[in-house]
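Student: As you go down the protein sequences, you meet chains A and B in turn.
For the first sequence, the positions run 1 to 174 when my numbering is used.
For the second sequence, the positions run 1 to 299 when my numbering is used.
Just so you know, the hints here were simulated from the structure itself, not pulled from any lab data.
The reader is advised that the hints may include incorrect statements.
What the hints assert, rightly or not - Per label pair, the in silico range of CB-to-CB distance:
id, chain 1, residue 1, chain 2, residue 2, range
1, B, E59, A, P157, 44 to 52 Å
2, A, A72, B, A265, 43 to 51 Å
3, B, S254, A, R136, 23 to 31 Å
4, A, G70, B, P41, 39 to 47 Å
5, B, E81, A, G101, 41 to 49 Å
For every residue, glycine included, the Cβ atom is placed at its ideal position computed from N, Cα and C.
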Amino acid sequence: MKVATTLTVNGTAYPVELDPHVSLLKAVREELGLTGSKEGCDDSECGACMMLLDGQPVNACSYLALQAEGRAVTTVEGLAGEDEVGPLQRAFLQQGGVQCGFCTPGMLVSATALLRDNPDPTEEEIRIGLSGNLCRCTGYRGIVAAVREVASGDVPPLGTAPVHADATPPHHAG
Amino acid sequence: MTRSFTSASTLDDALTAIADGARPVAGGTDLVVGARQGKAPLPEAIVAIDRIDGLRAIEVVGGGLRLGTLVTHGDIVASEEIRTRYTALADASAIVGSHATRAQGTIGGNVMNASPAMDTGAPLLCFGATAVLRSPSGERSVGLDELWTGPGKTSAKPDELLVALDIPAAAAGTGSSYVRLEYRRQMEIAVVGAAAVVTVDGGRVADTRVAITALTPTIRRVPEAESALDGSDGGAAAIAAGAAAAAAAATPISDVRGSADYRRAMAEVIAARAITAALTRARGETVPIPASPALHGAN
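Same shape as in the complex, but just chain A (with noise of 0.2 Å):
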């Protein structure tokens, strides 16, 4: 029998009618329509459906949709305002760290939740911080490289830093 709930996400309340078993990620994406979170193995292994509940992390597909009433959800799609991608995201696009795009929705909120516990992590820490992700395209140099330099502090306007010499996609990226 389907629950009347409210699912607050990226600050919009959105009243929702589920059955018990529906997990947060199918609500988000089927229910709410917001569909940047992605299902990749749904089976918490791969991070693809990550957002923040309460600020920590979750993997969404694993997670019972009526668990989160009362509960701040974010998505990617609240990582960014409405016509400018953030520093984060654009720093992704400076250093190559999208290919194929699904696992980056929850590589940019993994990455959020780590630069917030920790604003100047080391190589080392990005690639634990972010070790719940997997990007199949085997992507990992410039997704690091882009946390890095959002970490550095200093993420240039889209379109005039040359990409980082090593993180260059290969050819046959899928």
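Here the structure of chain A is known, so what remains is to put chain B in place on it, guided by the hints.
Tutor: Structure of chain B alone, referenced to chain A:
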């Protein structure tokens, strides 16, 4: 398929719902994944316990420690008390799942999931932790060796909820560590694991506790490994004897993570690393938390 979901605001509400047949959920990191993997279907009725006040505290009680059932792995890793005095538990919680698992997953859920491969189990067992089980008719404490009765099985009655874990005081001069063999840094489950808690007094090993993970149907201590170290100088020969005894107690299965033969062979290596790291810490030297990746590449 789940037909009813309630969120309890008090412990009494939760206990009533559980007595009526609902399954408790807190961080949800095992329940939904387990259902999807076909381990057990999602329960008919679920009661969320994550909003109950007072169950998420780490309290120093009578020299020991009480962990509320809703304490997360992230809380454990951040606790200076645990990092200093119960270091093996910090080693374990620091490598459970991913940053998301550690933010949402609770110690109570971890213990009651009763996986023989759970990381926090061997440290808790070595520290002598007891589980505080509450039902509408009262409360009782049981040792973890009595609680875990098989893979995924506990001796808790259907109407009982784990509300806390009590960990006794650790003696001065005690060092501890948990080490696991892993193929991946996160979202990994122990292929083989071992915890050691060692108390050193005047250059001799006064007390040793060793437990093995993912090597027996339930996580268990190995008295033969402990007596091989007790009274010794904690040198290479004693460590080797303890590790060999730990491996001899293993009755591993073959599965996707490793064959029984491989597990048996690695048990000795991992036990030796855990004992060595515990001794190092007992002597006042530093091994980073978590010990596992710090010891990768060690012999």
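Student: At the C-beta level, are E81 of chain B and G101 of chain A separated by a distance inside 41 to 49 Å?
Tutor: With Cβ atoms ~43 Å apart, the hint holds.
Student: Quick check on a hinted range of 43 to 51 Å for A72 of chain A and A265 of chain B, using CB atoms only.
Tutor: 48 Å, holds
Student: Regarding S254 of chain B and R136 of chain A, is the given constraint of 23 to 31 Å on their beta-carbon distance met?
Tutor: 29 Å, holds
Student: Given a hinted range of 44 to 52 Å, is it respected by the beta-carbon distance of E59 of chain B and P157 of chain A?
Tutor: Since the Cβ atoms of E59 of chain B and P157 of chain A sit about 51 Å apart, the hinted range of 44 to 52 Å holds.
Student: If I claimed the Cβ atoms of G70 of chain A and P41 of chain B lie 39 to 47 Å apart, would that claim hold in this structure?
Tutor: The hint (39 to 47 Å, Cβ to Cβ) is violated, given that G70 of chain A and P41 of chain B are roughly 27 Å apart.
Hint 4 alone, counting from the list given before, is not met by this structure.
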